[in-house]
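J.: For reference, the chains in residue letters:
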Amino acid sequence: MGIKKLLISCLFSLALVTPAMAFCPGNNCGGSSQPGCGGDGYIGCTEAIIEQIGSGNIATITQDNNNNNYAEINQMGCKNDASIQQIGWSNHNEAIINQTGSYNTADINQHFFADHNDAFINQNGFGNTATIDQYTDYNYASITQGMGGSVGNTATIKQGTGGFNGYYTANITQYGWYNTATITQK
Amino acid sequence: MINKNFLGIFLGFLLLLSLSPSISFSVSDIAYIEQVGIENSALIKQEGYKNLAEIKQEGNLNRAEIEQAGSFNFVSTYQKGMENISLLSQKGLNNHFSNYQVGYNNYSYTNIEGNGNNIKEFQLGNNNYLYLDLIGSSNIIFASQIGSNLGYSLTHYGNGANLKIIQYNKFK
Numbered sequence: 003m004g005i006k007k008l009l010i011s012c013l014f015s016l017a018l019v020t021p022a023m024a025f026c027p028g029n030n031c032g033g034s035s036q037p038g039c040g041g042d043g044y045i046g047c048t049e050a051i052i053e054q055i056g057s058g059n060i061a062t063i064t065q066d067n068n069n070n071n072y073a074e075i076n077q078m079g080c081k082n083d084a085s086i087q088q089i090g091w092s093n094h095n096e097a098i099i100n101q102t103g104s105y106n107t108a109d110i111n112q113h114f115f116a117d118h119n120d121a122f123i124n125q126n127g128f129g130n131t132a133t134i135d136q137y138t139d140y141n142y143a144s145i146t147q148g149m150g151g152s153v154g155n156t157a158t159i160k161q162g163t164g165g166f167n168g169y170y171t172a173n174i175t176q177y178g179w180y181n182t183a184t185i186t187q188k
Numbered sequence: 049m050i051n052k053n054f055l056g057i058f059l060g061f062l063l064l065l066s067l068s069p070s071i072s073f074s075v076s077d078i079a080y081i082e083q084v085g086i087e088n089s090a091l092i093k094q095e096g097y098k099n100l101a102e103i104k105q106e107g108n109l110n111r112a113e114i115e116q117a118g119s120f121n122f123v124s125t126y127q128k129g130m131e132n133i134s135l136l137s138q139k140g141l142n143n144h145f146s147n148y149q150v151g152y153n154n155y156s157y158t159n160i161e162g163n164g165n166n167i168k169e170f171q172l173g174n175n176n177y178l179y180l181d182l183i184g185s186s187n188i189i190f191a192s193q194i195g196s197n198l199g200y201s202l203t204h205y206g207n208g209a210n211l212k213i214i215q216y217n218k219f220k
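In the order they appear, the protein sequences are chains A and B.
To get the numbering used here, take the position in the first sequence, counting from 1, and add 2.
To get the numbering used here, take the position in the second sequence, counting from 1, and add 48.
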């Protein structure tokens with residue numbers, strides 16, 4: 003009995019972190035989702051995936067000054083924190099955060115001259131917070147919280163700084179009670 | 049001779065059809081919030097050109113708020129449930145606005161400052177209230193309320209407005 007309890011406790015408390023960083027070798031990476039990758043001066047074409055099971059974990063991915071990148075964080079547990087930053091001259095990037103559990107935080111920043119980027123956050127649980135911040139044009143942001151019913155989630159999307167062309171799209175979908183959704187477009 | 053009850057319901061359905069919550073205009077920006085549940089809050093702020101904002105809420109005690117400062121904006125709000133609140137503030141040119149509320153004890157307040165606005169509002173249920181403050185020119189207003197204990201308040205400053213307000217006391 004004691005061994006079983008210890009085993010179960012370990013399974014829940016152990017954070018299984020798998021930072022799969024598959025950098026693009028040469029001229030072939032990303033498949034059809036990353037057109038032009040690795041050719042004609044494109045810099046980037048990286049792919050980063052982090053998966054964590056457990057509570058109180060922190061995952062961060064930064065892809066700086068690159069194009070055609072892919073970042074994904076999957077977390078299962080409570081009080082986890084996930085952050086993806088695709089910054090600099092970063093175009094045609096995709097960022098995804100999936101979290102299952104409660105009191106989690108997800109944050110995606112696609113900043114500076116970063117066009118044609120996509121950002122997705124999916125959270126199942128209660129008391130979660132999701133934020134997407136995109137600076138320039140032709141970007142897409144989507145947040146879904148509380149599939150099947152939930153309580154007390156917060157979703158925020160900010161797009162643009164007022165000095166660019168726009169062409170933003172922002173979607174927030176929430177289910178349950180006492181949720182808050184905010185979209186700001188400039 | 050056309051039955052008055054039938055005429056009222058028919059006009060209501062015509063407006064209902066014209067207020068589809070899905071807008072298919074070709075615009076540059078899109079902000080969309082959908083919430084299903086109780087005591088949820090949605091806020092959209094837009095500054096710039098050619099923006100589209102839409103909020104869809106199903107449930108009770110929800111709050112939808114949209115603030116637009118710019119031009120060529122479209123807005124659509126859809127609320128189904130009880131004791132919901134819809135708030136809109138528009139400042140700009142060529143704005144369109146559609147408000148659709150189904151349920152009881154719902155409330156809508158709209159403040160529009162600008163030119164070329166086209167407003168459509170529909171409420172189905174009892175104890176509902178519409179407030180509209182309109183400052184501008186060439187505005188068109190079309191509002192329909194079906195239910196009992198209804199209220200409609202319009203404050204209008206400007207030229208060229210074309211008003212059509214229908215209140216049908218169906219549940220008397």
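Simulated from the structure, these hints should not be mistaken for laboratory data.
Any given hint could turn out to be false.
[Stated by the list, open to error] SDA-like, lysine to any residue: derived pairs with alpha carbons at most 25 Å apart:
#, chain 1, residue 1, chain 2, residue 2
1, B, K93, B, E106
2, B, K93, A, I51
3, B, K139, A, H118
4, B, K98, A, D120
5, B, K128, A, M149
6, A, K160, B, L91
J.: Now tell me if each hint is right for this structure.
T.: Evaluated hints:
Restraint check for K93 (chain B) and E106 (chain B): the C-alpha separation of about 21 Å stays at or below 25 Å, so the hint holds. Proposed proximity of K93 (chain B) and I51 (chain A) is contradicted: the alpha carbons are some 33 Å apart, above 25 Å. Taking the CA atoms of K139 (chain B) and H118 (chain A), the gap is near 29 Å; set against the 25 Å cutoff, the hint is violated. With a C-alpha separation of about 21 Å, the suggested pair K98 (chain B) and D120 (chain A) falls inside the 25 Å cut-off, and the hint holds.
Restraint check for K128 (chain B) and M149 (chain A): satisfied, since their Cα atoms lie roughly 19 Å apart, inside the 25 Å limit. For the hint linking K160 (chain A) to L91 (chain B), the alpha-carbon distance of about 12 Å falls within 25 Å, and the restraint holds.
Of the hints listed earlier, those the structure fails to meet are numbers 2, 3, in rising order.
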